[in-house]
Each structure stands twice: as structure tokens, then as C-alpha cells.
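A.B. asks: Sequence:
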Amino acid sequence: MTDETTNRNGTPETVHFAPRLATSDTFQSLFQEGMALVEETAVYLDGSGRSESKSLERPASLAYATESMRLTTRLMQLASWLLLQRAVNEGEMSTEQAGTEKNKVRLDKLSSATGGPSWEELPDSLKELINRSIRLQERVVHLDQMLYDNAEALTDSNDNPVAAQLNQLHAAFGAAG
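Start counting the sequence shown at 1; every next residue gets the next number (this note's numbering).
Quick caveat, the hints were computed from the structure, so don't treat them as lab data. A hint or two may mislead.
[To be verified] Straight-line alpha carbon distances no greater than 30 Å define the calculated DSBU-like cross-link-like pairs of lysine-lysine that follow: (1) 127 x 54; (2) 127 x 104; (3) 102 x 127.
[What the hints assert, rightly or not] Here are the simulated distance ranges between beta carbons: (4) 95 x 58: 47 to 53 Å; (5) 50 x 113: 44 to 50 Å; (6) 29 x 55: 34 to 40 Å; (7) 72 x 149: 25 to 31 Å; (8) 55 x 108: 16 to 22 Å; (9) 65 x 39: 17 to 23 Å; (10) 26 x 114: 22 to 28 Å; (11) 28 x 58: 39 to 45 Å; (12) 99 x 120: 36 to 42 Å.
Note that beta-carbon positions come from the ideal geometry of N, C-alpha and C, so glycine has one too.
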């Protein structure tokens, strides 16, 4: 997310909104939502989820085990990213350090089978937690791309304004086809 403004000399300058968003109340809300979802999921899986899973037929029980592991993995990766970004926001680490650590976090490879007969047999509570975690993942991935892909594009194209514009378009709209 960028916009253009002018400096004191009247020269256009690009204003990057992603870093401001990452340090805003919006990020704080995202952070709190993510941590609350981690906690809510842990309580569910250790409590009523455990009871619900015992009443499932074998195929649904296998799907429950698989999806609960995927859910836990997804939430741990999201929590790691959120904690890294909070550390940057609070000055505990640099953006470069976070970028290096962030490469250990896998946000884009986390999936769930949200369809099919086994999915329909899963407890509604688990399906709701999975769906919420997927929506949170999408928001974090989007913010991550705005923050880190755009920063890399700007670094790579400082001397080439055409490349800079193409990289900004790519960051905004993704790869076509």
C-alpha cells in the first residue's frame, strides 16, 4: 500500500502505508485476535474437543486428528509471525532481523481440507476454529507481503524507477496467471 506525496522541493515521494499499519491499533487488534484464537483453540482441544473427538467414527476421528494438528501448526506459525512483528514494533529487533527470522515461519504452506464427507462429520466447534484461523492466516499473509515483499522490491529497484513501479504493482496485485 503506497501513495505519492511531495517533499519540500516539490519532488514526488512514495509514502508506504504498510509500516504504519503494522504499528497501528489495527495491528494491535490483529495481534490480540491471533493470541486469543491460540488460547481458545488450546482450551477447546484440551477440553470439549477431546470429548467430541471420542464420539466420532473412525474416518472422522482420523480427520479430526489431522485437522487439529494442522490447526495447531497454523496457529503456532501465525503466533510466531505476530510476535516477531510486535518485537519490531517495540524496537526489540530490527526489520532486517525479523525478516531473517520470519523466513523460518511458514505462512503460505498451511492448508486444511475444508470440504468432503470427513469435513462434514467434524464437530462444528472445530470447523469454526479452523475457518477463523484460515481467515487470520489470510490477513497475516497479506500484511506480511505488504511489509516484507514491498521492502525487498524497493531495495532491489532503488536505481530503476520502472522496476520499482512494476514491483509495487506485483506486490499490490500478485502475479497474474
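A.B. asks: If a hint holds in the structure, say so; if it doesn't, say that too.
C.D. replies: Hints, verified against the model:
1. 127 x 54: holds (16 Å)
2. 127 x 104: Holds, because 27 Å separates the two Cα atoms, which is no more than 30 Å.
3. 102 x 127: holds (28 Å)
4. 95 x 58: 47 to 53 Å: holds (48 Å)
5. 50 x 113: 44 to 50 Å: violated (21 Å)
6. 29 x 55: 34 to 40 Å: holds (36 Å)
7. 72 x 149: 25 to 31 Å: holds (27 Å)
8. 55 x 108: 16 to 22 Å: violated (34 Å)
9. 65 x 39: 17 to 23 Å: Taking Cβ atoms as reference, residue 65 and residue 39 lie about 21 Å apart, which means the hint holds.
10. 26 x 114: 22 to 28 Å: At roughly 27 Å between Cβ atoms, residue 114 and residue 26 fall inside 22 to 28 Å, so the hint holds.
11. 28 x 58: 39 to 45 Å: holds (44 Å)
12. 99 x 120: 36 to 42 Å: At 41 Å between Cβs, range holds.
Violated hints, in rising order: 5 and 8; the structure is consistent with all others.
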